[in-house]
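K.L.:
Below are the chains, spelled out letter by letter.
Number of protein chains: 2
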Amino acid sequence: MGIVVSLDGDRGRKPSLDPLSELVAEDLKAVNELIVQRMDSPVELIPQLAGHIIAAGGKRLRPMLTLASARMCGYSGTRHVALAACVEFLHTATLLHDDVVDESDLRRGLASANTLWGNKASVLVGDFLFSRSFELMVEDGSLEMLGILSNASAVIAEGEVMQLITANDTETSETAYLEVIQSKTAQLFAAACKIGAVVAERPRIEEEALDSFGMNLGIAFQMIDDVLDYSAKQATLGKSIGDDFKEGKMSLPVILSFRRGDDEDRAFWRRTVEDLDQNEGDFEHALHLMEKHTALEDSVERARHYGAIARDALGLFSDRAEKSAFNELIDFCIERAY
Amino acid sequence: MGIVVSLDGDRGRKPSLDPLSELVAEDLKAVNELIVQRMDSPVELIPQLAGHIIAAGGKRLRPMLTLASARMCGYSGTRHVALAACVEFLHTATLLHDDVVDESDLRRGLASANTLWGNKASVLVGDFLFSRSFELMVEDGSLEMLGILSNASAVIAEGEVMQLITANDTETSETAYLEVIQSKTAQLFAAACKIGAVVAERPRIEEEALDSFGMNLGIAFQMIDDVLDYSAKQATLGKSIGDDFKEGKMSLPVILSFRRGDDEDRAFWRRTVEDLDQNEGDFEHALHLMEKHTALEDSVERARHYGAIARDALGLFSDRAEKSAFNELIDFCIERAY
Numbered sequence: 000m001g002i003v004v005s006l007d008g009d010r011g012r013k014p015s016l017d018p019l020s021e022l023v024a025e026d027l028k029a030v031n032e033l034i035v036q037r038m039d040s041p042v043e044l045i046p047q048l049a050g051h052i053i054a055a056g057g058k059r060l061r062p063m064l065t066l067a068s069a070r071m072c073g074y075s076g077t078r079h080v081a082l083a084a085c086v087e088f089l090h091t092a093t094l095l096h097d098d099v100v101d102e103s104d105l106r107r108g109l110a111s112a113n114t115l116w117g118n119k120a121s122v123l124v125g126d127f128l129f130s131r132s133f134e135l136m137v138e139d140g141s142l143e144m145l146g147i148l149s150n151a152s153a154v155i156a157e158g159e160v161m162q163l164i165t166a167n168d169t170e171t172s173e174t175a176y177l178e179v180i181q182s183k184t185a186q187l188f189a190a191a192c193k194i195g196a197v198v199a200e201r202p203r204i205e206e207e208a209l210d211s212f213g214m215n216l217g218i219a220f221q222m223i224d225d226v227l228d229y230s231a232k233q234a235t236l237g238k239s240i241g242d243d244f245k246e247g248k249m250s251l252p253v254i255l256s257f258r259r260g261d262d263e264d265r266a267f268w269r270r271t272v273e274d275l276d277q278n279e280g281d282f283e284h285a286l287h288l289m290e291k292h293t294a295l296e297d298s299v300e301r302a303r304h305y306g307a308i309a310r311d312a313l314g315l316f317s318d319r320a321e322k323s324a325f326n327e328l329i330d331f332c333i334e335r336a337y
Numbered sequence: 000m001g002i003v004v005s006l007d008g009d010r011g012r013k014p015s016l017d018p019l020s021e022l023v024a025e026d027l028k029a030v031n032e033l034i035v036q037r038m039d040s041p042v043e044l045i046p047q048l049a050g051h052i053i054a055a056g057g058k059r060l061r062p063m064l065t066l067a068s069a070r071m072c073g074y075s076g077t078r079h080v081a082l083a084a085c086v087e088f089l090h091t092a093t094l095l096h097d098d099v100v101d102e103s104d105l106r107r108g109l110a111s112a113n114t115l116w117g118n119k120a121s122v123l124v125g126d127f128l129f130s131r132s133f134e135l136m137v138e139d140g141s142l143e144m145l146g147i148l149s150n151a152s153a154v155i156a157e158g159e160v161m162q163l164i165t166a167n168d169t170e171t172s173e174t175a176y177l178e179v180i181q182s183k184t185a186q187l188f189a190a191a192c193k194i195g196a197v198v199a200e201r202p203r204i205e206e207e208a209l210d211s212f213g214m215n216l217g218i219a220f221q222m223i224d225d226v227l228d229y230s231a232k233q234a235t236l237g238k239s240i241g242d243d244f245k246e247g248k249m250s251l252p253v254i255l256s257f258r259r260g261d262d263e264d265r266a267f268w269r270r271t272v273e274d275l276d277q278n279e280g281d282f283e284h285a286l287h288l289m290e291k292h293t294a295l296e297d298s299v300e301r302a303r304h305y306g307a308i309a310r311d312a313l314g315l316f317s318d319r320a321e322k323s324a325f326n327e328l329i330d331f332c333i334e335r336a337y
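Chains Y and F are the protein sequences, given in the same order. For the first sequence, numbering that gives the first Met the number 0 puts the final residue at 337, and the numbers step up evenly by one. For the second sequence, numbering that gives the first Met the number 0 puts the final residue at 337, and the numbers step up evenly by one.
Worth double-checking, as some hints may not be accurate.
[Said to hold, decoys possible] Derived SDA-like pairs (lysine to any residue); straight-line CA-CA distance at most 20 angstroms: (1) F:K248 / Y:W116; (2) Y:K248 / F:L44; (3) F:K248 / F:F267; (4) Y:K248 / F:G117; (5) F:K322 / F:S20; (6) Y:K245 / Y:F282; (7) Y:K248 / F:W116; (8) Y:K291 / Y:L227; (9) F:K248 / F:L275; (10) F:K248 / Y:L44; (11) F:K248 / F:Q277; (12) Y:K291 / Y:D262; (13) Y:K322 / Y:P14; (14) F:K248 / Y:G260; (15) Y:K245 / F:G117; (16) F:K245 / Y:P14.
[Claimed, not checked] Derived coverage of chain Y by chain F (criterion: at least 3 residues anywhere in the stretch with Cβ under 8 angstroms from a Cβ of chain F; other residues may be distant): (17) 141–152; (18) 161–172.
Calculated from the structure, these hints are not laboratory results. Backbone N, C-alpha and C define an ideal beta-carbon position, used for all residues, glycine too.
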């Protein structure tokens, strides 16, 4: 099945998004154009607000997953462009609603939409993007795609509600945490990848392999994101460090620190995370406890586990540039913790 | 084309929803069962919160429109039940997001969901219901239905954003007001009716007739709703009177009073509605100005105009119990102002 060449590449180089970005650059440009076109509305506030959050842009990771998955599956048509735009619209709608929910002040290093325009506008423009996403899917015309993405949407919303319930609850288990991030983050990664196989009309085993790749990559990605909230320099991450702590989010580093701590430690977490009774120096003490219990390192270790599953999920695809870029993406998602 | 009988019925009787409710009672029971089944989730807060708002229930006007439209078009299948549930889910999602947006304290006479569970949960459970609605549409399997309803969703969101922009702006014109209520309310009425013709596979002229019936009925309905916010007894309406005034909503009675008023009147509206600088007695003064300028009566008069268009839109359907119930529904929507 083709010549097997080692595509691991320069082992010394820091893993990056670049190979993936370069592979899909042309397609992604088309996605961006479609996004700008479809977020338009005579109601000016809509393109203004949507444009703000979409242009701030982030990495466009999810649409890139769709584009590269389709190409890896040998797809040579153009439907994947609109489908990738659907995925990004769904993601942006979620972000807008998430910003309202979390009352976060920063998103990707810029003021978040709700700070600039208010919660009301963020909720409604989120709804608009959500609807636009479904309009685009309808235009694509595949009920299978619509099924995958509407189901992903429902699961994401369920995950967000779960997260809301577990927030400030120090009794949240690692299992519950895993369920939350699987739903609220990894489900869309999984759907984004799977539709690449579906649009290429590949057999079910490849659909499932890409679904699993996306799911496990998404879990690892979110775990590292949660680690970064306690370790990243704000400048590199583009979001406020310590936000999760301030909100009392029960992310993996907190769960591990709480469970590994003594009574005094647990009293600290209950006061700060459960009662949100936080004083100066508390965040530093939280970091100290995490260090004491190697909570950040071990969270990264857990992420590596899911990264490994994601890598194996790609095993049945023949070696192509996209596969290699996906493998580097897994490394990138994990290594950015350092 | 069948025997034409007068179905206008007891002219002396106060128009009510009863004939419509009785006609679709059986089907509506199936819709309610499907709704309960599909709002379920292992995340308990979801059925709790969704159940609260759906059970509070309101009149189920929109799903009844779908059910009766389908029957009026001679449809004898069962797809209209799930489609009616889709419509109600979309409506409920909008209500949940609307409650967050308006910071209203009462919805249908019960505490609103956001008061009980917080804004966060309302936004997310709204998203869940929205997604569930699309999942149901996908199961129905018609891309045409999906197109109608996803488009309606986008227009509703646009209308909500427009309303947000015009709030507190005393310069809002009657035309702008009309555009808002057409989008945020009437569009879903129109879609709910139209899909009845689509599911029955009726010719385009009937689809369009039902679309127009729903659109104009929806406009009349919202206009009266806005009148009721200045005239209804809280007990009969099941919502707080004066909410729109408190929020500075530029509804038709305010627009008419502002435009017909003198400088002193306008200064009053600017202070109370634009600056939201409201004191005791201001609401009563607002009512006084509306009386002076017959703003409420004339808003009802405007609603009658749209009611008349809705009635004529039904003209090309042969006389059936559903048509008669729809005609009474138009009267009911307008007469409830008294």
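K.L.:
Compare the structure with each hint and give your call.
P.N.:
Quick rundown of the hints versus the structure:
1. F:K248 / Y:W116: holds (18 angstroms)
2. Y:K248 / F:L44: Given pair Y:K248, F:L44 holds - Cα atoms ~18 angstroms apart, limit 20 angstroms.
3. F:K248 / F:F267: holds (15 angstroms)
4. Y:K248 / F:G117: Holds, at about 17 angstroms.
5. F:K322 / F:S20: holds (13 angstroms)
6. Y:K245 / Y:F282: Roughly 8 angstroms between the alpha carbons, so the hint for Y:K245 and Y:F282 holds.
7. Y:K248 / F:W116: holds (18 angstroms)
8. Y:K291 / Y:L227: holds (17 angstroms)
9. F:K248 / F:L275: holds (10 angstroms)
10. F:K248 / Y:L44: Holds, at about 18 angstroms.
11. F:K248 / F:Q277: Given pair F:K248, F:Q277 holds - Cα atoms ~14 angstroms apart, limit 20 angstroms.
12. Y:K291 / Y:D262: holds (15 angstroms)
13. Y:K322 / Y:P14: Given that 20 angstroms is the threshold and the Cα spacing comes to 14 angstroms, the pair holds.
14. F:K248 / Y:G260: Violated. F:K248 to Y:G260 sits at ~53 angstroms, over the 20 angstroms cutoff.
15. Y:K245 / F:G117: holds (19 angstroms)
16. F:K245 / Y:P14: Distance ~56 angstroms between F:K245 and Y:P14 Cα, so the pair is violated.
17. 141–152: Our answer is that it holds, as 6 residues pass the Cβ test (under 8 angstroms) against chain F, meeting three.
18. 161–172: n = 3 at 8 angstroms, threshold three: holds.
Comparing the model with each numbered hint stated earlier shows that hints 14 and 16 do not hold.
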